[in-house]
Amino acid sequence: MATKKPCVMLILAVVAVVLLNRAAMAQQVSLGNQYSKANLQRGTTRSGPSRLKVLRPAPNTNERPKQTEIEKEFAAAARVMASYKQWMIGANATGFVYPNTTSGPASKKYNLKGLVNKKFLQYEKQGTFGGINLGWTQTASAGTAIDRAQWIFQRPGGPSEQLAPLVYGEPIALGWSKGSNPFLKYAKRNVGINLDWSDAVFEWTILGRTPGTNVGRGQDVVILYNLKHQMPPMRFDRTKGGDIGWPDSTRWSAKSVFHSPDYLASFRKAADVMMGK
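Whatever position you read off the sequence shown (first residue = 1), add 87 for the numbering used here.
Calculated from the structure, these hints are not laboratory results. Among the clues, some could well be false.
[Said to hold, decoys possible] Taking lysine to aspartate or glutamate and the EDC-like style, the derived pairs with C-alpha atoms no more than 16 Å apart in a straight line are:
id, residue 1, residue 2
1, K364, E211
2, K159, D283
3, K206, E160
4, K364, E160
5, K265, D234
6, K315, D335
7, K205, D335
8, K206, D330
9, K275, D359
10, K265, D286
11, K315, E290
12, K327, D234
13, K364, D283
14, K364, E158
15, K265, E211
16, K212, E290
17, K265, D283
18, K315, D283
19, K315, E257
20, K356, E160
21, K196, D234
22, K315, D359
23, K206, D283
24, K205, D330
25, K212, D330
26, K195, D234
27, K195, E248
Using the sequences plus the hints, can you model the full thing?
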């Protein structure tokens, strides 16, 4: 009996080893099958339909939205008119530009800064043969900005119509708040820019941004546009009179400026687009 026990123990040990080997092999097969299925799922995701969720890149929020046809037309018109964006209203503060009357509050009276020569437009006597009494300040200091804040914009209608801020493209009157006939209107002259003083004449508008949006004070660069003459006033070098004119102005020597009739026609069409017509 003593010789049989070692043999029995040897047989049991061999059986145990065999069983352990079989269990290990079964586990490897199971893991291999799982790995194959995972690879199959990945391959299906790349090459064809799959139930697995495919992640897509997030939209680029910095990408500009496409322009509409109206926006494209406005942008093209603004490029034609770009050289006449020469003005800033109320350059010594920010906010909106409001209409006013000659007796209205000083807070709604503004300076007009010409951005070509960086001076303020003002009432300035030019003498008997110097054209309309308009000229430029000597400096653009903070004190001058406050002192020359005498320009007003008036909207048609009574006092209740003067409460809301001005918007681009609306008809307005433009005037220096002092004097018996403080507003500017188009009128032919032999000398200087074709303007004269009058009572309120609503033949002006402000261009530069989308029609109907508020005009920004001290921040927007704008075009002052005369609806009667269909042109904007601009910095213009004269030998006599205040240095202000129109795109079709001629110098004292009668030398014509460079604009042709075809250019002026396209220019006026661009202004209509900027008014929303």
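Structure-based check of all given hints:
1. For the hint linking K364 to E211, the alpha-carbon distance of about 36 Å lies beyond 16 Å, and the restraint is violated.
2. Straight-line distance between C-alpha atoms of K159 and D283 comes to about 37 Å, which puts the hinted pair past the 16 Å bound.
3. A hinted pair counts as satisfied when its Cα atoms are at most 16 Å apart, and K206 with E160 does not qualify at roughly 33 Å.
4. Among the hinted pairs, K364 with E160 is consistent with the structure: their alpha-carbon atoms are about 12 Å apart, no more than 16 Å.
5. Proximity of K265 to D234 is assessed by CA-CA distance (about 13 Å); at most 16 Å being required, the pair is judged to hold.
6. Distance hint between K315 and D335 is fulfilled; the C-alpha atoms sit about 14 Å from each other, no more than 16 Å.
7. Restraint check for K205 and D335: the C-alpha separation of about 22 Å exceeds 16 Å, so the hint is violated.
8. As the CA atoms of K206 and D330 are separated by approximately 11 Å, the hinted pair is consistent with the 16 Å bound.
9. Proposed proximity of K275 and D359 is contradicted: the alpha carbons are some 23 Å apart, above 16 Å.
10. With a CA separation close to 12 Å, the supplied pair K265 and D286 stays within the 16 Å bound.
11. Between K315 and E290, the direct Cα distance comes to roughly 6 Å. Compliance with the 16 Å bound is thereby established for this hinted pair.
12. Using a Cα cut-off of 16 Å, the hinted pair K327 and D234 is violated, with the two alpha carbons roughly 26 Å apart.
13. About 28 Å separates the Cα atoms of K364 and D283, which puts this hinted pair outside 16 Å; it is violated.
14. With a CA separation close to 13 Å, the supplied pair K364 and E158 stays within the 16 Å bound.
15. With a C-alpha separation of about 12 Å, the suggested pairing of K265 with E211 holds against the 16 Å cut-off.
16. Between K212 and E290 the CA atoms are separated by roughly 24 Å; this puts the pair beyond 16 Å, and the hint is violated.
17. About 15 Å separates the Cα atoms of K265 and D283, which keeps this hinted pair within 16 Å; it holds.
18. Of the supplied pair hints, the one linking K315 and D283 holds, its CA atoms being roughly 13 Å apart against a limit of 16 Å.
19. Among the hinted pairs, K315 with E257 is consistent with the structure: their alpha-carbon atoms are about 14 Å apart, no more than 16 Å.
20. Under the criterion of a C-alpha separation no larger than 16 Å, the hint pairing K356 with E160 is consistent with the structure, at around 11 Å.
21. Between K196 and D234 the CA atoms are separated by roughly 11 Å; this keeps the pair inside 16 Å, and the hint holds.
22. A C-alpha spacing of about 13 Å is found between K315 and D359, which places the hinted pair at or below 16 Å, so the restraint holds.
23. Simply put, K206 and D283 have alpha-carbon atoms about 21 Å apart, too far for the 16 Å limit, and the pair is violated.
24. Taken as a hint, the K205 and D330 pair is honoured in the structure, with Cα atoms around 13 Å apart against an allowance of 16 Å.
25. Our distance criterion of 16 Å between C-alpha atoms is met by K212 and D330, whose separation comes to about 13 Å.
26. Between K195 and D234, the direct Cα distance comes to roughly 14 Å. Compliance with the 16 Å bound is thereby established for this hinted pair.
27. Restraint check for K195 and E248: the C-alpha separation of about 14 Å stays at or below 16 Å, so the hint holds.
The earlier numbered hints that this structure contradicts are 1, 2, 3, 7, 9, 12, 13, 16, 23.
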